[in-house]
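Student: Okay, here's what each chain looks like letter by letter:
Number of protein chains: 2
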Amino acid sequence: MPDLLKILNEHVPKIFQTMASLTGVPGNGDIDPPRPSTLHGITGSVSVSGKASGTVYAAFSKNLADAVTIRMLGGDSPADEEVSDVIGEFTNMITGNLKSQLCDAGYACQLSIPTVMRGGDIAVEANTAPICVRNTFYFQELQEELVVLVFAKLDK
Amino acid sequence: MPDLLKILNEHVPKIFQTMASLTGVPGNGDIDPPRPSTLHGITGSVSVSGKASGTVYAAFSKNLADAVTIRMLGGDSPADEEVSDVIGEFTNMITGNLKSQLCDAGYACQLSIPTVMRGGDIAVEANTAPICVRNTFYFQELQEELVVLVFAKLDK
Numbered sequence: 108m109p110d111l112l113k114i115l116n117e118h119v120p121k122i123f124q125t126m127a128s129l130t131g132v133p134g135n136g137d138i139d140p141p142r143p144s145t146l147h148g149i150t151g152s153v154s155v156s157g158k159a160s161g162t163v164y165a166a167f168s169k170n171l172a173d174a175v176t177i178r179m180l181g182g183d184s185p186a187d188e189e190v191s192d193v194i195g196e197f198t199n200m201i202t203g204n205l206k207s208q209l210c211d212a213g214y215a216c217q218l219s220i221p222t223v224m225r226g227g228d229i230a231v232e233a234n235t236a237p238i239c240v241r242n243t244f245y246f247q248e249l250q251e252e253l254v255v256l257v258f259a260k261l262d263k
Numbered sequence: 108m109p110d111l112l113k114i115l116n117e118h119v120p121k122i123f124q125t126m127a128s129l130t131g132v133p134g135n136g137d138i139d140p141p142r143p144s145t146l147h148g149i150t151g152s153v154s155v156s157g158k159a160s161g162t163v164y165a166a167f168s169k170n171l172a173d174a175v176t177i178r179m180l181g182g183d184s185p186a187d188e189e190v191s192d193v194i195g196e197f198t199n200m201i202t203g204n205l206k207s208q209l210c211d212a213g214y215a216c217q218l219s220i221p222t223v224m225r226g227g228d229i230a231v232e233a234n235t236a237p238i239c240v241r242n243t244f245y246f247q248e249l250q251e252e253l254v255v256l257v258f259a260k261l262d263k
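As they're listed, the protein sequences go chains A and B. According to our numbering, the first sequence is numbered sequentially starting from 108. According to our numbering, the second sequence is numbered sequentially starting from 108.
Okay, chain A solo, but in the shape it has when bound (with noise of 0.2 Å):
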């Protein structure tokens, strides 16, 4: 089976990296963290379905959300809909390489198009996801924090 949370250590790193000269450094990770699993901020989610399925969720902090969305666009006090356009892309990128991987290694499956969600706590569970994985990434630079959150079920 995939080792997801090695995937997004790898992968969500470099994408920052790739995309917004930003550096995020992964936490510790959690394979089985306390659910519902409560995110903040402003959340981006995409799901895949087919011989995998689930929903990835990465909850950006507002000023990581900004800061990546000035990075990508230029400007200096973006919109709401270019920070969720740009946040949107992020999720689907980092959903984008777990897919690949997930196909690579046998579990066919797509990508929805992505959502953003905005709230205060909001607490996700997928009752009919046995995998969970956890994992919060830093950006020293910015001193923020974004959470990557995977529900998933694997049918070979």
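Check each hint, because a few of them may be wrong.
To be verified - The calculated lysine-lysine pairs, modelled on PhoX-like cross-linking and capped at a C-alpha distance of 25 Å, are:
| hint | chain 1 | residue 1 | chain 2 | residue 2 |
| --- | --- | --- | --- | --- |
| 1 | B | Lys121 | A | Lys158 |
| 2 | A | Lys121 | A | Lys169 |
| 3 | B | Lys158 | A | Lys158 |
| 4 | B | Lys263 | B | Lys113 |
| 5 | B | Lys263 | B | Lys158 |
| 6 | B | Lys113 | B | Lys158 |
| 7 | B | Lys263 | A | Lys158 |
| 8 | A | Lys113 | A | Lys260 |
| 9 | B | Lys263 | B | Lys169 |
| 10 | B | Lys158 | A | Lys263 |
| 11 | A | Lys113 | A | Lys158 |
| 12 | B | Lys113 | B | Lys260 |
| 13 | A | Lys158 | A | Lys263 |
| 14 | A | Lys260 | B | Lys263 |
| 15 | B | Lys169 | B | Lys121 |
Stated by the list, open to error - Footprint (simulated), chain B over chain A, 3 or more residues, beta carbon under 8 Å:
| hint | segment |
| --- | --- |
| 16 | 155-166 |
| 17 | 188-201 |
| 18 | 221-235 |
Hints listed in this document are in silico derivations from the structure and should not be mistaken for laboratory results. Predicted model, so just to flag it, every value in this text is computed and none were measured. Ideal Cβ positions, reconstructed from N, Cα and C, are used throughout, including at glycine.
The hints should help you fit chain B onto chain A, whose structure is shown.
Tutor: Then chain B, alone, in the frame of chain A:
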């Protein structure tokens, strides 16, 4: 193109009638609601991917969620996990019906596993979805409401 609002208005009440003996009356519905769209209560979500891609949200008021769970599982004070199971299953049925109709219309797609969110107001957006429909279903007997929101992108 399939009329998503018409499909929801026809099938959401059937699901509640069959599964929980509850009569839900659709409101007028909106095929171009304000975006982002705000949801309250306990919200199930299921995505589809393929030639149709998108996400269906079903936002239950707390009392409606409890009532449906009690009608499905018995008892009188359901645990959060039981409520999540039932809401996930209802959202799966709503989305599964939509998926069947989309497949029949030539938009082959697959479902992801359901997720369930709890929070205050949650504003959701899917910038890459040209289609957004929303309707409220009113359950007179309980004086409670369900909101169903669909973001979709169809590629023939």
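Student: A separate judgement is required for each hint: does it hold in the structure or not?
Tutor: Verification of the supplied hints:
| no. | hint | verdict |
| --- | --- | --- |
| 1 | Lys121/B to Lys158/A | 30 Å, violated |
| 2 | Lys121/A to Lys169/A | 21 Å, holds |
| 3 | Lys158/B to Lys158/A | 17 Å, holds |
| 4 | Lys263/B to Lys113/B | 20 Å, holds |
| 5 | Lys263/B to Lys158/B | 6 Å, holds |
| 6 | Lys113/B to Lys158/B | 20 Å, holds |
| 7 | Lys263/B to Lys158/A | 23 Å, holds |
| 8 | Lys113/A to Lys260/A | 17 Å, holds |
| 9 | Lys263/B to Lys169/B | 38 Å, violated |
| 10 | Lys158/B to Lys263/A | 23 Å, holds |
| 11 | Lys113/A to Lys158/A | 20 Å, holds |
| 12 | Lys113/B to Lys260/B | 17 Å, holds |
| 13 | Lys158/A to Lys263/A | 6 Å, holds |
| 14 | Lys260/A to Lys263/B | 28 Å, violated |
| 15 | Lys169/B to Lys121/B | 21 Å, holds |
| 16 | 155-166 | holds (count 6) |
| 17 | 188-201 | holds (count 4) |
| 18 | 221-235 | holds (count 15) |
Violated hints for the displayed structure, listed by number in ascending order: 1, 9 and 14.
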